[in-house]
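In order, the protein sequence lines correspond to chains A and B.
Letter by letter, the first sequence follows residues 6 to 163 in this note's numbering.
Letter by letter, the second sequence follows residues 10 to 427 in this note's numbering.
Take the hints with a grain of salt, since some may be wrong.
To be verified - Within a straight-line C-alpha distance of at most 25 Å, the following computed BS3-like cross-link-like pairs (lysine-lysine) qualify: (1) B:241 with B:260; (2) B:241 with B:144; (3) B:56 with B:23; (4) B:311 with A:131; (5) B:265 with A:131; (6) B:195 with B:328; (7) A:135 with B:328; (8) B:60 with B:265; (9) B:399 with A:131.
For the record, the hints were derived by calculation from the structure and aren't laboratory data.
Here is how the chains run, residue by residue.
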Amino acid sequence: MATPDTVPQPAKPARPKPPTRPGGRRRFLERCLGALSAAGFLGALYPITRYLEPPPEAEGASRVEIAASDIPFGGSKTVIYRGRPAIVVNGPNGFIAFNAVCTHLGCVVKWVETGQEFFCPCHGGKFDQKGQVTGGPPPQPLVAISVAQSGEKVILGG
Amino acid sequence: MLTKYVRGVNHWLKDRLNHSVSGVNRWLEDRIELSTLITFIQTQLTKPVPKHVNWLFSFGTITLLFFASQFLTGLLLMTYYKSSAESAYDSVKFVMEQVRFGWLIRQSHAYGANFMIAFLYLHAVRVFFYGGYKKPREITWLIGFLLLGVTLGFGFTGYLLPWDQLSYWATTVGTEVAGSAPVIGKYILLTLRGGENVTGMTLTRFFAVHVIVLPWLFVFLVSLHLVLIRYKGISTLDSTKGPEKSVEDLKQEGGKSFFPNHVMKELLVALLVFTGMLIFIVYAPLPLHEKADPFNTPVGVKPEWYFLPMYQVLKYFPKLVGIIGTGLVILGLFLLPFLDRSPERHPARRPVATTLGILFVCVAVILTILGALAETDRTMFGTRYHFDTKGVPHGIAESDSAAAPPTSTPPEKDMKKE
Ligand code: HEM
Ligand code: FES
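Pulled out of the complex, with its shape left as it was, chain A reads as follows (with noise of 0.2 Å):
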């Protein structure tokens, strides 16, 4: 029911602005404001964290063939195996392999024929034939890779 511009409405005294007091509407409404803003930023940060970090390796190859005259006997060979580098072996036990990346701090390990042992060029460490460490600071063994022959096939992994 509309109300006609010439009927006096009762003078509704103006009322007082409230002193800033604490809580109310509009302070209410300023800290959804707020947490809605920090929700926001926060949720920015997760894609970029995820974007940062690298996607699931494309693994690499899990299964390596060598031609086995690619490595004379007492010889070592240096492949890339599950996208990291690989140490294969023609020892006197047959071939053998490990991941090639030292336990310490991540140099490539060489095999040294004369010492029949693996020696890490960035601290020295060394570890036998088995893997074990023999000296130095890498805290463990490096980690072994199954390998297998056939015919004139050096398999590792698969």
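With chain A held as given, fit chain B with the ligands onto it using these hints.
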């Protein structure tokens, strides 16, 4: 002479602003209140520095000048650099060998990094011994420490960019150290490297951080650092119990005007230092080693000298103990103003702090020397020595140096690679 000249110029400018009807001046004055600005700059320039301020107090400015120089040379290098594992090495070689003055720009950037960090270390040591980090300058110290972190970050990320053998393996080991941190280590490692190994993915990350993230951070932090220094002035050697000295007090005690007195001192040091760098560039240019080979770790991989003390310390302790221990020392230095609560600034009046400081510097220098000697063979007093990874010398006969500790020379023929 110069002072007179500057005063003359100032006078002339003021004169212009106050009395001339020059349209341009009036116009500017109406918009940016030029005279307020000039008064402000003038107050800043003539602020007295405390009487004890000597040339050791120029190290901060020298660091800043090196940053400016790095900014310029870095920009120039970027015009030829290609940030991929395939072409990075060749593009740096190209700059060195084909581009006119390419050698100068690259060497200036490479040496500049070393000089900047050296002067930053010296600056922090200076602030320590003069008690400059005490109340009310704690925040200046905290920000300065972050600047140190940013600058070392520049060094770490920049070192990888040429993609040569040393940079590749130093980065492998360096990221592995960071990745050994408890709990978040693995995430840090993968995120830094962009994968399990150091690859072209690592290179693009490091490049982005080196040329975008760190420069902006640096500019932001250094602005805060400088504003705080201007705001509080250089500290005196008095106890922090008394009130801070006012400009008048400083003047009365014989403090000289910042400009030109102190600025001229800094300019002189800057000229000497940059000339020194030029001599190094010409007589001992930094090499570009062989291109990175992810299958073949060279012997004696070491980080740059400015990380050596931390790196060497890791060799004497189990991995985790070393990393946590070093981390705690760094945290302690960061929070120094809150740990060292004595009110005295003068080094002689805080003997414990001064002694500890001297010890700390000595230990850092000794560790650096041990780190530099480690895994090298040297002849001293007629005997040939092999220094093992811990920096301990072992005498070796000239003839059997190859057969001696296997650390010295792993037989070449076994370094088979693809
Ligand atoms: C990375 C670049 C840095 C630049 C460009 C820089 C620049 C400066 C400059 C120009 C000064 C004036 C006085 C002087 O030079 O001694 C200064 C003072 C100061 N700096 Fe830095 N600084 C840097 C890093 C640091 C670091 C790493 C620290 C400490 C860990 C630090 C702590 C301080 C403190 C506390 C002062 C005030 C000293 C006093 O009042 O006696 N700064 N800085
Ligand atoms: S990385 Fe192999 S011994 Fe340190």
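Now for the hints, and whether the structure bears them out:
1. Only pairs whose Cα atoms come within 25 Å are accepted, and residue 241 of chain B paired with residue 260 of chain B is accepted, the gap being roughly 15 Å.
2. For a cut-off of 25 Å, the pair hint linking residue 241 of chain B to residue 144 of chain B stands: about 10 Å separates their Cα positions.
3. For the proposed pair residue 56 of chain B and residue 23 of chain B, the alpha carbon gap of about 19 Å is at most 25 Å, so the pair holds.
4. Our distance criterion of 25 Å between C-alpha atoms is met by residue 311 of chain B and residue 131 of chain A, whose separation comes to about 19 Å.
5. With a C-alpha separation of about 63 Å, the suggested pair residue 265 of chain B and residue 131 of chain A falls outside the 25 Å cut-off, and the hint is violated.
6. At roughly 15 Å between alpha-carbon atoms, residue 195 of chain B and residue 328 of chain B fall within 25 Å of each other, so this suggested pair holds.
7. For the proposed pair residue 135 of chain A and residue 328 of chain B, the alpha carbon gap of about 23 Å is at most 25 Å, so the pair holds.
8. Proposed proximity of residue 60 of chain B and residue 265 of chain B is supported: the alpha carbons are some 7 Å apart, at most 25 Å.
9. The hinted pair formed by residue 399 of chain B and residue 131 of chain A meets the criterion: a straight-line CA distance of about 15 Å does not exceed 25 Å.
In the structure shown, a violation is registered for the earlier hint numbered 5 alone.
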